[in-house]
Each structure stands twice: as C-alpha cells, then as structure tokens.
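Please put together the full structure from these sequences, using the hints given.
Here is what each chain is made of, one letter per residue.
There are 2 protein chains.
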Amino acid sequence: MYKAKIYVNYKPSVLDPKAEAIKTALTRMDHQNVQDVLYGKYFELTLDGTDEAAVRDQVESICDQLLANVNMETYRFDLEAV
Amino acid sequence: MYKAKIYVNYKPSVLDPKAEAIKTALTRMDHQNVQDVLYGKYFELTLDGTDEAAVRDQVESICDQLLANVNMETYRFDLEAV
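Top to bottom, those sequences are chains G and D.
Read left to right, the first sequence gives residues 150 to 231 (our numbering).
Read left to right, the second sequence gives residues 150 to 231 (our numbering).
Wrong hints could be hidden among the right ones.
The list treats identical chains as interchangeable, and a pair is accepted whether it falls inside one copy or across any two copies.
Cross-link-like lysine-lysine pairs, in silico, DSS-like; alpha carbons within 25 Å at most [claimed, not checked]:
| id | residue 1 | residue 2 |
| --- | --- | --- |
| 1 | K167 | K154 |
| 2 | K172 | K152 |
| 3 | K167 | K152 |
To be clear, the hints were calculated from the coordinates, so they are not data collected in a lab.
So, in structure tokens, the structure goes:
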C-alpha cells in the first residue's frame, strides 16, 4: 500500500487571488513581518499496490485528469510505502 | 527568517464533501485501488524573525484567527529556519 501526498498550486505566472487576500488581511491584523504567502490544495491518497512505478504513474494521471487544472496549476507529490 | 508549512483539514467528525466527490470520480475513472482520500488547504508563510518561539506563537494565532475555521477544521504546521 502507498500514500501519495499531493500539493497543487497556481503556476507562478498566475495571480493567486486567495494568497493576495490573505496578505492584505495579515497586514490589517498587524502581521507586518510576513514576507510571502503561498496558498494551495493538499491531497492525501491511500492506494493499494505493490509496484511503486505503476502507482507513481497512476497518481500522475489522477493529478493530470482530476486534481489539478494543468492550464493554471502545477502539482508535485511524495509517494511513500505504508 | 522562517517558513511555516501549514496544513488545514476538516475535523474527522466533519463530512468532507470534496473528498467524497473525489472518491466518486476516481471510482468512475476506474481507479478501484484508491482506499482513502484526504483533502485540505496548504499554506506557506515566509516570516521575518529571529525568535523561533515567538514566530511559532504568531503562526498559531494566524491559523486560529484567519487560515482555519476552528469549529470545523484542524491545523498543523512545520516551522523551519530559511
């Protein structure tokens, strides 16, 4: 069995409205020392399987076809045997 | 300077509609080996500061007051010097 920890974020070229809103709110809350904010989605998938390469390919296609909008977002994931 | 990696998820007692929708979609896409799906928000904050304990307290209050709905969500974070 494997656990995939998937991070999906906006591409650097895309303005991230939620991160901008958080920066504004933090400034209003007097958190002047916050230099940068990154916002994204986080998924954990638990998958049956014994062949790590096959599971890695599967997670990649799940990200491409479902979890990430590849036009605007990028993803990365860690895969660990559990 | 510190980087806080923050994970915000629904409490186990709260039904996670997005995770349920993803499970359904994965089954329809014939990914029968996916045993569980966890969905959450992921934030990275870069903060000026030299006192780790003070930065830790600050990140905690930012989570409590802004990034997490503490009625329905839990959060955890890693803090590393950068």
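Tested hints:
no.: 1; hint: K167 / K154; in the structure: both (22 Å within a copy, 16 Å between copies)
no.: 2; hint: K172 / K152; in the structure: between (32 Å within a copy, 15 Å between copies)
no.: 3; hint: K167 / K152; in the structure: between (28 Å within a copy, 19 Å between copies)
Going down the numbered hints, you'll see the structure goes against none, and every one checks out.
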